[in-house]
Amino acid sequence: MSTLAKLFPPGARQALPVLLFLLCGFVAPLLAVIAYSFVPPRTFSLWQPWTLENYVEIFNSSSYITFLWSLGLAAATVIILALICYPIAFGLARVFGRWATLITLLFTLPLFVSENVRIYGWILFFIKNGVLLGSLKSMFGWELESALFTVGLTLLGMVYVYLPFMLFPMTLGVSMVPQQTREAAFDLGATRWQVFKEVDLPLAMPGIIIGFLLTFVLAVGAIVESKVLGGQRIIPITHDIEIAFTYAQNWPLGAALSVLLMLVVGALVLLVLRRFDLDSILGRR
Amino acid sequence: MENSGDRAWRALIWTWTLAVIVFMYLPALSLFLASSTSSRYFMFPIQKWGLDWWQKTFASLEVRQLFETSFFLALWVTMIAVVIALFGALAFARYDWKGRSAYQKIVLLPIFFPQTVLGLALLLWFNALGLTMSWHTAVFAHLVWIIPVCTLVISIQVYSFDPALEEAAFDLGATRWQVFREVTLPVLAPGIVSGALFAFLLSWGNFPLSLYTSGADTTLPEYLYAKMIAGYTPGVPVLGTVSTLGAGLIVLLGYLAVVLLRRGGSTAKSAD
Amino acid sequence: MTAQPILQLRNLTKAFGGLRAVDNIDLDIQEGEFFTIVGPSGSGKTTMLRMLTGMEFPTSGEILLRGKRINDLPANKRPTCMVFQSLALFPHRSVGQNIEFSMKMKGIAPDLRQKRARELMAQLRLPDTYYTKNVTKCSGGERQRVALARALAYEPDILFFDEPLSAIDYKLRKTLEKELKDIHRETGKTFIYITHSLEEAMVMSDRIGVMRAGKLVQVGSPQEIYSAPRTKFVSEFIGDVNVLAVKADGKDQVRSAELEGRFKSPPIPQGMSDGYLVVRPESLRFIDKRSDAENSIEGILYNEYVLGSRVQYQVRVGERVFIVEKLRQQGFEGKRGDKVLIGWDAVDSILVSD
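Residue numbers (my numbering), protein chains in the order written: chain R, 1 to 285; chain C, 1 to 272; chain V, 1 to 354.
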């Protein structure tokens, strides 16, 4: 075998296109962002003396508050979704039988409609004279205030948009709990709650954790929900980043904010993913 | 093992799930209702039912342009993504090679990443490279996210692929290319079709990445966003409903295609 | 008088890092014989098979096919074909399409392919209507035959088998073993088979090679392996045997540490001082007095197992258990806990090294 073939076994060769692409399309832009964050504010060229001004500004301004809001909202979304999705995941893996595929399709479908369209649907639902208030008014004569433009509705929007991202990894996790192990636990005298605590939860944990991670990371990058549904009652960090890049024409600041976000996300992802054997989760025999 | 306690739980789970499904489709329902009124503003309950706005929307040249842009963008993304992801998936799930576990994590990174930040980072990068934004750059941007997703989807099919099949074909005298054509591709076909479906639909409906990287070209989601912010137009619910129904149709067709492919190739003819 | 062997292995070695999966093997395989390599998991038999078929390449040593070196020849160019453990039938193709695959690769015309495929199906007793049937819908036995037909259609000089019967239930396996033997006789081709079951090997093979930790421990006919194993490993591989660690004590006598006493043994080979005395269960018999056999030991009847046409008795002797086997007709009246005398003659025992 030629040394080149030895150096690049078939697996590595197949991986090259993807890796090269990600190098140019993912790694490079992120490196560019990091580079830009060290450049003086409101400038556009990279060839300048490096400075930490941008980072200082973040901590002096209220940007770190919006950052915390983003993290908080994302965390709240994760917790709410965990509670909502677990029963469904359990159902998909154990209860629904031949209906499981159809139900999965029903949950997959919204993913393919862009988020702003779906969120607009909620506006139509909650707006004054919209579906909800309109019906209440015509049926019961109630004239209520619209729930729109509140923190609560922002959260609703986020829960709505990110539901599939919690549901599918969780379902994968639940399906990893062997039925016979559960039956054995029952057989040994455990109550339903004990089976849940001792068998279901620990064995489904890989899927659950991935669901948490994916939902959190994506939710931290949410912007449309707060803008449209929440009337900007809360400003998430993504909004600050967007403004910096567009209206404020302050790329270095935007870059610095992005770097902070990337650090949080990156740290979480690496921490979690490194402990997982993806082969067994995704179904290798 | 079924007793009344079990039945109660099952009923609870079913009820809960159905409630959540209704929740998931309330926006779609609202969109549909809003699109079926002929009046300019949305008032519920609907006084004037009519499909006027459907007519007006599809007659619009602007809307047709949007469909074209979104369509070609999605088409290019799908074609490129499927080819690269196919090999990526083989590397992901099949061959044992040294960097594989690191590779798996790297491939997943763009998925576990806030899209808005990715879009903005790409905007920065393209500008630094001096590129003008158009739907071409949007193709590239979409691919950064969609190639990993596609790789993952195809990998799931690759995991259940018995490598002995390729070895057997090779042993029976096939060249490497013949093995690929006669065995690898047909057996992986359901996964490849699923991957293509995901790629197309995710690109079609994508907003954050398109927003920052498509430049002067506008995709459907971008247009809808602008209209949403600006004020109420009945055109938005129409297009929103079309989007939902269209996606539903494609998913259904794709699902049928995958099921048929899985059933196995053999037909009455013997000669291939 | 002996023709050139069809396959010759010289110092064949495959090493993975520091581990030698196949360790310096020398072997000649004659044309037309049914040769089985037997060994436990991890003995290196699968690795060796893969080197012979061309799926892996040797670290050192030679593989000669009819005198020609084929070390570097890839699998698709070798005149050999393999039946895989999982059978590896193409799930997206019909029975006919599977069988015709190699012919299609060679570019043979469709009608000729079909003719040959149907011939093979008839030879392997597959119904003609199965030609268009999807392979995933066939039963286990039928799939085995399709796999075999597919390999035969390649017209190989040597057919390799990688434990194809290991995942099948007993009855079907016995049927297929006999069928394989028949096919071998009908086609006259060289069959090289690997399995972990010596029983399976004995039914079908002309010769058997026992492999352990990468080395060939013994090669011989089934009869030789059974009645004249050379090492403890080989003798235990066959099944339940009684093995006693002994030291030489004269020309044809040995002494055991475990059991008090000397035992008459077959002639002790030159230079052998430590070894094992192997007595098969069917060579042991129940006796009334010590003079009824050359060697005898006293024990307590411990258990009785009925194994179909034979009965197995376990006799406790001190810390050990000896196994005696009798045919059911020869019955032995005894209850658990009875004191018994078991005996054997030296000629019925075997001396082996480690």
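Please keep in mind that the hints were generated in silico from the structure rather than gathered at the bench.
One or more of the hints may lead you astray.
[Unchecked claim] Sample of chain C residues lacking proximity to chain V, with all beta carbon distances greater than 10 Å (derived):
id : residue
1  : Ala19
2  : Leu165
3  : Pro186
4  : Gly231
[As the list claims (entries may be wrong)] Here's a subset of chain V near chain C, in silico, CB distances under 8 Å, partners left out:
id : residue
5  : Asn76
6  : Met82
7  : Phe90
8  : Ser102
9  : Lys106
10 : Gly107
11 : Tyr302
12 : Phe332
[As the list claims (entries may be wrong)] Derived pair list, reagent style EDC-like, types lysine to aspartate or glutamate, alpha-carbon separation capped at 20 Å:
id : chain 1 : residue 1 : chain 2 : residue 2
13 : V       : Lys326    : V       : Glu260
14 : C       : Lys98     : R       : Asp279
15 : V       : Lys104    : C       : Glu167
16 : V       : Lys137    : C       : Asp6
17 : R       : Lys128    : R       : Glu143
18 : V       : Lys77     : C       : Asp6
19 : V       : Lys104    : C       : Glu166
20 : V       : Lys326    : V       : Asp338
21 : V       : Lys106    : C       : Asp6
22 : V       : Lys77     : C       : Glu166
23 : C       : Lys105    : R       : Glu143
24 : C       : Lys98     : V       : Glu56
25 : R       : Lys197    : C       : Glu166
26 : V       : Lys106    : C       : Asp162
For clarity, every value in this text was computed on a predicted model and none was experimentally measured.
Each residue gets a CB set at the ideal place from its N, CA and C atoms; glycine is no exception.
Structure-inconsistent hints, enumerated in ascending order: 2, 3, 10, 11, 12, 13, 16, 18, 21, 23, 25, 26
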